[in-house]
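Protein chains in written order, with the numbering used here: chain A, 1 to 236; chain B, 237 to 357.
Any given hint might turn out to be false.
[As the list claims (entries may be wrong)] Only part of the chain B face toward chain A is listed, based on derived beta-carbon distances under 7 angstroms: (1) Ala247; (2) Trp248; (3) Leu249; (4) Val252; (5) Gln304; (6) Ser307; (7) Lys340.
Since the hints were derived computationally from the structure, they do not count as laboratory data. Cβ coordinates follow ideal geometry from the N, Cα and C atoms, glycine included.
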Amino acid sequence: MNRGEGSFEVTPLVAAAHELKAPLALVRQLALRLGDEHLSDAERKKLLHQTVLTTERALRLTSDLTKAARLDSALFQLEPINPDQLCRDVVSELQPLFAAYGRSVAVKGRRHPLLLVANRDLLRRILLGFSDNALHYSQPGTAVHLQIQAFKKSGIVRVGVRDFGPALSSDMWRTLQKKLESAPQTIHARPESSGLGLFIASQFADAMNGRIGAVRHKDGATFYVELQASNQLSFL
Amino acid sequence: MTRVLLVEDDAWLAEVEASIIADAGYEVQIAPHAPAAIEIVDAFHPEVIVLDVLLAGATAFALLNELQSYSDTGMVPVILCTNIADQFDAKKLNEYGVKRVVDKTTMYSADLVAAIRSVEL
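Take the sequences, apply the hints, and build the full model.
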């Protein structure tokens with residue numbers, strides 16, 4: 001379909017502007033609604049809470065953008081990390097946001113503990129980003145799962161975020177796979193996404209000698225990061 | 237009471253917009269994505285559709301094509317309510333039932349209500 005005008009190139013700058021437009025527009029509408037004098041105290045409190053949480057989401061993106069821009073010049077310490085504990089920290093951080101949207105987020109833990117090699121801050125940012133994306137695509141009342149999987153032969157640990165929402169169409173999935181194979185570059189995860197979140201995640205993963213990927217399900221998707229397992233695993 | 241279907245995937249924005257529309261005296265139902273919108277269209281028979289463009293799953297354009305493929309739903313006026321209003325020209329989208337384009341980033345409640353009033357059958 002002709003939208004009525006030609007498309008334009010999506011540069012990181014354009015993508016950042018696009019990604020920030022939605023939360024800013026939402027904050028503006030929430031603020032305008034707060035001006036309604038007929039609101040009850042409970043409604044007013046709810047709108048204020050939503051405003052704060054939306055602002056925090058937007059601030060996370062700006063913080064990630066700053067971090068991504070400084071990746072080349074910065075030194076990131078890679079160390080053995082317990083992904084299960086990190087996932088639990090991410091879940092604690094996101095619980096209020098998910099609850100406010102009527103969704104839940106949980107860690108699907110492993111029976112046996114393991115360690116991977118990563119930078120704690122970068123991995124945390126990747127998981128926050130994937131979870132934020134999952135929140136947007138999950139259906140009300142569903143739970144988003146953070147999952148950890150070990151591939152012993154290849155010495156890889158996969159940390160994934162599974163959402164339960166509308167399935168990606170075959171066309172969209174093919175586009176995503178093609179783009180994921182040639183990452184890092186701006187990749188369009190889902191139709192309304194500029195791909196900026198995945199672009200940032202792929203840069204963070206690359207800085208930790210890892211990679212990101214996605215798995216399509218009938219009822220949603222899993223976005224994951226794969227990192228080297230730590231040798232210290234054998235000491236556990 | 238005129239029935240308005242609001243298709244918006246951000247739950248909080250949908251709540252705000254639905255309140256604006258309801259306060260203006262319309263009956264409103266919310267669909268969070270295109271498949272839900274199609275189901276609601278069949279049961280609710282909206283007289284106006286307010287449609288976000290960048291939806292989770294199928295895009296607004298898939299929904300517009302679906303609506304246009306039936307004679308009854310093809311007649312329902314559509315208002316695009318989007319953050320990327322600058323990329324659309326309502327006149328060029330008229331053949332898809334789009335009568336108005338409202339910019340979500342700058343709109344006030346009165347703008348949304350005025351857009352609905354202007355396209356009511």
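Evaluation of the provided hints:
1. At its closest, the beta carbon of B:Ala247 sits 6 angstroms from a beta carbon of chain A; the interface hint therefore holds under the 7 angstroms criterion.
2. Proximity of B:Trp248 to chain A holds as hinted, the smallest CB-CB distance being about 5 angstroms (cut-off 7 angstroms).
3. The beta carbon of B:Leu249 comes within 5 angstroms of a beta carbon in chain A, closer than 7 angstroms, and the hint placing it at the interface holds.
4. With a cut of 7 angstroms, the hint placing B:Val252 at the interface with chain A holds, because the nearest CB-to-CB distance is about 5 angstroms.
5. For B:Gln304, the interface hint is violated, since its Cβ never comes within 7 angstroms of a Cβ in chain A; the closest pair sits about 10 angstroms apart.
6. For the restraint placing B:Ser307 at the interface with chain A, the shortest Cβ-Cβ distance is roughly 20 angstroms, beyond the 7 angstroms limit, so the hint is violated.
7. The beta carbon of B:Lys340 comes within 5 angstroms of a beta carbon in chain A, closer than 7 angstroms, and the hint placing it at the interface holds.
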